[in-house]
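Chains as they are written, first to last, in my numbering: chain A, 1 to 350; chain B, 1 to 350; chain C, 1 to 350; chain D, 1 to 350.
Hints were generated in silico from the structure; no laboratory data involved. In this text the structure is predicted, and so the values were computed from the model without any measurement. Using N, Cα and C, we set each Cβ at its ideal position, and we do this for glycine too. Wrong hints could be hidden among the right ones.
[What the hints assert, rightly or not] Some but not every residue of chain C turned toward chain D, in silico, with C-beta under 10 Å: (1) GLU12; (2) ASN13; (3) MET211; (4) LYS240.
Protein chains: 4
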Amino acid sequence: MLNNEKINFASENYAGVHDQIMNALIEANTGAAPSYGNDQYTKDAIATLKTHFGQDIDVYFTFNGTGANNFGIGSVASKYHAVFCTDVAHLYVDESAAPEAFIGCRIYPVNSVDGKMIPQELESKLKRIGDVHHPQPKVVTLTQPTEYGTVYTLDELKVIKDICTKNDLVLHVDGARFFCAAVYLNKSLKQISADAGVDILTLGGTKSGMMFGEAVIFFNQAIAGAHKFDLKRSMQLASKNRFIAAQFKAMLAGDLWKNIAEHTNMLAKNLKDTLLAIPSIELTHPVETNAVFITLPKSVYEQLQQFTYFYCWNEDKNEYRLIVSPNTMVAEITVFTEKLKLLMGEKNRA
Amino acid sequence: MLNNEKINFASENYAGVHDQIMNALIEANTGAAPSYGNDQYTKDAIATLKTHFGQDIDVYFTFNGTGANNFGIGSVASKYHAVFCTDVAHLYVDESAAPEAFIGCRIYPVNSVDGKMIPQELESKLKRIGDVHHPQPKVVTLTQPTEYGTVYTLDELKVIKDICTKNDLVLHVDGARFFCAAVYLNKSLKQISADAGVDILTLGGTKSGMMFGEAVIFFNQAIAGAHKFDLKRSMQLASKNRFIAAQFKAMLAGDLWKNIAEHTNMLAKNLKDTLLAIPSIELTHPVETNAVFITLPKSVYEQLQQFTYFYCWNEDKNEYRLIVSPNTMVAEITVFTEKLKLLMGEKNRA
Amino acid sequence: MLNNEKINFASENYAGVHDQIMNALIEANTGAAPSYGNDQYTKDAIATLKTHFGQDIDVYFTFNGTGANNFGIGSVASKYHAVFCTDVAHLYVDESAAPEAFIGCRIYPVNSVDGKMIPQELESKLKRIGDVHHPQPKVVTLTQPTEYGTVYTLDELKVIKDICTKNDLVLHVDGARFFCAAVYLNKSLKQISADAGVDILTLGGTKSGMMFGEAVIFFNQAIAGAHKFDLKRSMQLASKNRFIAAQFKAMLAGDLWKNIAEHTNMLAKNLKDTLLAIPSIELTHPVETNAVFITLPKSVYEQLQQFTYFYCWNEDKNEYRLIVSPNTMVAEITVFTEKLKLLMGEKNRA
Amino acid sequence: MLNNEKINFASENYAGVHDQIMNALIEANTGAAPSYGNDQYTKDAIATLKTHFGQDIDVYFTFNGTGANNFGIGSVASKYHAVFCTDVAHLYVDESAAPEAFIGCRIYPVNSVDGKMIPQELESKLKRIGDVHHPQPKVVTLTQPTEYGTVYTLDELKVIKDICTKNDLVLHVDGARFFCAAVYLNKSLKQISADAGVDILTLGGTKSGMMFGEAVIFFNQAIAGAHKFDLKRSMQLASKNRFIAAQFKAMLAGDLWKNIAEHTNMLAKNLKDTLLAIPSIELTHPVETNAVFITLPKSVYEQLQQFTYFYCWNEDKNEYRLIVSPNTMVAEITVFTEKLKLLMGEKNRA
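Pulled out of the complex, with its shape left as it was, chain A reads as follows (with noise of 0.2 Å):
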């Protein structure tokens, strides 16, 4: 993308989709193939999905995040009930109210620290249970890798895991770039849901590469219910499933997963090391997956606008977030840097 486009570091959603991926699209698109998921490409999905999370799970797809999110959630949670999640959630801070609007619960926000969510602030607000008149905890969701880009360790994860189990939650986890925190952790898939714990998965595939798509995995079939109904009337069910299956086979019936993550983890490894080396330049937050998040003068940041993309995260600090996308060259994050190195330094000089 070094032509004459600009530089993305923006989004994985302003990046296209992974060439490995695309050739899937163009393989599946021979011949017919049942409609709404009972085609041969979902069934070999969940096959592939079951030997990475196991066999006593179930699937669904959907097409954006926002709908996985919210399906998956709203597959247990009932209107009287409380959702708890971070201040700055993906499902509170930008997915409009759809969780109201589709579930009709509560959502609670709780204070985190570099977008993990803090499990006192979590057991403070589990109160009033039985109280009719009070929203009664249901589901504690979070989101792995934060907003932030930062993860839950295994331990983490348990001292949540605990407090949901005490409490009879049942524990979603927004895992949007879930490929990511498993890298970064140097466990399974399985290790990181299943294993730790998990009722629920969002399992991203758009930021990831993919054209669209998401997956919605249950694991504790307890809890399991009439999802195959709440899929369809979430307006989620798509009429040619098979292009979305064949992406997630595509994605992890070998190591596509794991390159694409390891990938982009590295390079924003070496971007943040690259930035680091610049005077004046702060790291906001741990970078541990994909996601960098530095302060910038804001003067700065309007002349690499012009030739990158990239968001303002928080105004009022100066917070800049820097997006490493499955298809990020090292090219780009030295151009880039040597722009901002440039920038900065005429800077400092004035």
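Take the given structure of chain A and dock chains B, C and D to it, following the hints.
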């Protein structure tokens, strides 16, 4: 699809993606592009849609038809409103209870003939206006072409539109196969939408050869509200919207939409003609677009199922539906009808 | 109500509060009592209801009938479910779109005769079980007595219940005037509810002489869920619930419910007999409880309106409804029918 | 309530109905009256409300406060909107998830002091306007007096209203105890509502001595929509509305509302003064209306519970709430405080 694969007369959703559409997807997969519809592909697709439907439209893209219909109707219907559709409308019989779950209003079925709403039946249901105890009429939604492949003529549309105007009702059209209707009527897309008084149109892409994606077009800007907010909270806003937009641009920039519709309509006519020549097979509805409804002995249906996908539509009447898709080939019709003749002949002799 | 006041044959809702009920309200107005149903009056009312309906019930109180029906049905119906009622059911034609807005599921109208659901019509609508595209049958709701004052016999109830059992459906009864049905059938309240297989009952208080308040009784504890939470979030939990409870206790502790129902049923029969003696007046439905439906010239209706409240029920058929209320007096029937005879006679001579 | 009965400092909802209100109910129980608010009592009550609140208002009656708040706010808030209230608002902590279930929008808690919203905290939450991914600010709702019995002054209201005006927000007030605020501020009802820029007011009846019933007043006709339809489908429209209307008329036709509020405010002041004289008891919030919040040893609370109803408000802080009701008697305060002194003295000696 003639090798080892089954022939598809089940649904356009069983068919893959049209080659030219797949090429457009591949071409759109270069460089970074802003997400959520803030990209050039989306701007181009909207500009292209305006050349067909008029400059004074609002356009939003959704993932699928159920999403499009409910987003479109939900943008103008409140929780105390009534929506009127035929008793065989996709919205009423094939979208689960999405309208109620998503919008929260009443859906009243209106009797139909060959899939077309009977105007007098509609009028008889428009009652108790201003009565707080009764759902208040707000939207009439027609399917064009209908679920039986028939097409409302401009005169027929005018009769319904006049009822809408007289009763202050919004006219929505579910155009999952809209291009087929335009070709059948030999009218432009604008002539059978904006010019015919349609206020909101679901313009289908998936059934016309796309991988996924529909467009919702608002013609009557007076009723335009905060649609973009409703789109997001309806969980239908695509992260990488360029891939929906690119397909629509490819479909409508030239004559692809027309070529496909002419192809499917013509092959359906051929199929009908061939079938009518077979004794004991009867048409149950006029063939005007790409659907052919016939009666058939159940045993014949079961034998045909071995190499052809198609649905029993009404078990009580032994009614079966044959759908011609964008990639259906003449040879497939020949193979199918030859086999059918053979089976029917054997049956006649039996 | 004979002085300057208009006679009320419009609705029990036009009538005031029965004297014994008003006394119960006055008596309950002493001392402090815990709010939201945690008071002795509520405990007593539930105990009283158990003497009539059986010990194994769950009881919740609501403000009005629309609240009771939708809370009751909504406690078991999910957003992808279908509820079946007659095409003339109060739920379908007189509760706005509350079922859709509150519950979010589909309501299917079933054809009826004299207000009673036709079993074969119900059966014909129970289809596409397990098909995610179609609303899934969950609840059958009957009105007993019906909106036309007719009463399902135990045999008729059994036919419907058998269909429910066979299809795993919950049977709800809207008993806004339930006491009238019991008196007509000469059965106990339990015989026509729990013993007849009713799963959920809306037991009307307001139309039986109360100021406000209904009870929702769950017979089948297996389907009992988190009803108390649903009640609160449905905005139907009364702060000073003792005043609903005290009314139900007064109604059911002795024979008040029966006396009132006998009174209204008997007067309706008298009214019917007198009306039938007038030439050109025709009954449009059997008179079994407290409602009398007749045909009448419109001009006569308009003249009668000057001193009597009653509704035109079907303008096309010149059908009018006369309702006997708990406080209707014999003299009112005499005055009304005399006046009617006069007007009809004049009309006959004309 | 001094004989064998427990004293009530728990809630006005524990108290019965004020004698003059009960008389109004008895008087309204004569003759027939049209249902659903089409009666003379309702017309009279609305006319009476207009003498207090101005002629240019729309008035609707509901059964309870949760119904009133959610109907009122829901009349202007769409599913993608955000509503802002304090973190201690009844709407947020004591109405289950009714706002989400009924309206479907986001509720954002804003930090507060003594129950009053902190204007700067509100402003800091009004962000991302026009961003489809974030709930869009629409309504600010204040409780007047607050849940801690404190009262926004006209100046404080103006600060909040200015923020609303600047940001195009609707100002709703939950006035469950509104009369107490007017008396405290020594202003007319209009001065602290219409004249203070309130757009929608929940005017509480139940906590002011009524049996049931609240009024929702829309001041800003520009935002008036199809409220009557929303009222019915919200299941809050009373069949025999005359009995709500008659209570409001009795309350507001003369000075009853003022007398009751003066009584409760004064007794609360007396209670506070007496309590402050007891060593080790501390006020946790200013006493401005009928609520007194104090700290107390838990053991003392438990002993007092034997003959007095009152709530622990915050277990961590040993904070307790004492509410004076319309029918609270001076003698009850004497008995309670004497007993309390005794217990505290024993405790001090211990």
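To see whether the hints hold, each was checked on the structure:
1. With 10 Å as the threshold, the beta carbon of C/GLU12 comes within range of chain D, its nearest partner Cβ sitting at about 8 Å, so the hint holds.
2. Taken as an interface hint, C/ASN13 checks out: its beta carbon lies about 4 Å from the nearest beta carbon of chain D, inside 10 Å.
3. The beta carbon of C/MET211 is positioned within 10 Å of a beta carbon in chain D (closest approach about 5 Å), and the interface hint is therefore held.
4. With a cut of 10 Å, the hint placing C/LYS240 at the interface with chain D holds, because the nearest CB-to-CB distance is about 6 Å.
Comparing the model with each earlier hint shows no violations; every hint is respected.
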